[in-house]
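Q: Sequence:
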Amino acid sequence: MTAKRPSKPRPDPADLSYEQAVERLEEIVARIESGEVGLEDSIALYEEGVALGRHCREVLTKAQQRIEQLSREGAGEGAGVGDESDHEPQDGADEHEEDD
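Residue numbers (my numbering): 139 to 238.
Do not rely on the hints blindly, as some may be mistaken.
As the list claims (entries may be wrong) - When the alpha-carbon atoms are kept at most 20 angstroms apart in a straight line, the in silico EDC-like pairs for lysine to aspartate or glutamate are as follows:
| # | residue 1 | residue 2 |
| --- | --- | --- |
| 1 | Lys200 | Glu157 |
| 2 | Lys200 | Asp150 |
| 3 | Lys200 | Glu211 |
| 4 | Lys200 | Asp153 |
These are calculated hints, taken from the structure and not from any lab test. Just so you know, these numbers come straight off a predicted model, no measurement behind them.
Produce the complete structure using the sequences and hints provided.
A: Here it is as structure tokens:
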């Protein structure tokens with residue numbers, strides 16, 4: 139039986155980037171699947187994994203909302219400016235729009 143190691147403080151999932159959270163989730167899955175951790179540690183790791191998963195979903199949801207908003211804004215602005223020039227006689231207007 140191994141002595142209980144003092145666990146190092148785990149960072150708040152909200153302080154982690156999406157990539158860091160996914161990396162930590164992968165570590166947790168590997169440790170649990172290895173079968174080398176006891177029940178209590180497995181439960182603690184599982185709880186941490188749930189919190190990390192929730193954080194990742196929130197980050198992805200916010201990113202999706204941001205992309206959708208930018209797409210709507212771009213479509214709205216493009217409809218008034220870029221789309222008209224795109225459908226008018228071709229005078230090279232397409233070339234300098236992509237520089238943004």
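Q: Could you work out which of the previously given hints the structure breaks and list their numbers from low to high?
A: none
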